[in-house]
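Start from the sequences and build out the full structure, keeping to the hints where you can.
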Amino acid sequence: ALQPVFFNIGIIVFGLWGALHQKGNNESILWQSYGAVAGALIGSILLQVPAAWRAGLSIRPLVDLRDPGVKKVLAALLPIFLGLASGRILSLQLPVQVAAITGGGETAITNASRLAILPLELIASGSAIAIFPTLSQLAARGETEEVRKQLSGILRRILKLLAIAAAGLFITAIPLVKILFQNGKFSSADAALTSKVLMVTALSLPALGAQQLLARGFFALNDNKTPVVAGLGAMLLFAVLAVLASSLHFGAVGITASSVIAVSVLAAVLWKELEKRLGKL
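Note that the numbering used here has the sequence shown beginning at 1, numbered continuously upward.
Among the clues, some could well be false.
[As the list claims (entries may be wrong)] In silico lysine to aspartate or glutamate, DMTMM-like type, Cα no more than 20 Å apart, as pairs:
{"#": "1", "residue 1": "K272", "residue 2": "E145"}
{"#": "2", "residue 1": "K276", "residue 2": "E143"}
{"#": "3", "residue 1": "K280", "residue 2": "E146"}
Worth flagging that the hints you see were computed from the coordinates, not collected in a lab.
Here it is as structure tokens:
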């Protein structure tokens, strides 16, 4: 559960170091890459391998593609990736690409997303990763009522925390962007645009957190299809809204708002579909 936390802390800490010491040099961007590598190394290896040894687990490289378990994992890999990544694709990759094509604002969207992703990873991602084995075990034993209780409890707690985080980002967007980004070629106009985009981006935090948890609820029930289909539908909705926002000259803020709407619809659809399987969440 701590792995994504270390990954994002690495990016932020190294990115701040590069920004402060490179004085606007393009090489400061490389420090974020160094941070990603360092965070992934700490979270995936240095943190988990010693813990596995202490738990008495034997770790040795062994790959057998004929093993039924390996085949099952490989078959589920792509649907699970698409189901989990759809929220991130909707909130960052697609908006950045649309902004780049339609005339700018991609830097504002990227910077706003970097700030918004920290509370999302700290609050939702770690919790979703931690609860997934429990949900899978309960579902395998046929204890769907307990799956519902576990998922409902953590879902509501995370939504409350992310709502608070979203409000905090919305309120502090202007000073936060000025402190972290306004230097060198990053002008006050750039800071103003990024602040507006961040305010809109913050509104998507509860939906993004819910999407991560709800998708894992489907995976625990061995349903890899529903999150993928819902995610593709949300991407189509975003495309329509983004084209409309661009045609009305709403710029990066309009594109980001399109993303927020699409992510919110995605989370709502997953919520309703999962309630059909488990009952009221």
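To see whether the hints hold, each was checked on the structure:
For a cut-off of 20 Å, the pair hint linking K272 to E145 stands: about 16 Å separates their Cα positions. The suggested pairing of K276 with E143 holds, with an alpha-carbon distance near 16 Å, which does not exceed 20 Å. Using a Cα cut-off of 20 Å, the hinted pair K280 and E146 holds, with the two alpha carbons roughly 12 Å apart.
Every hint from the earlier list agrees with this structure, and none is contradicted.
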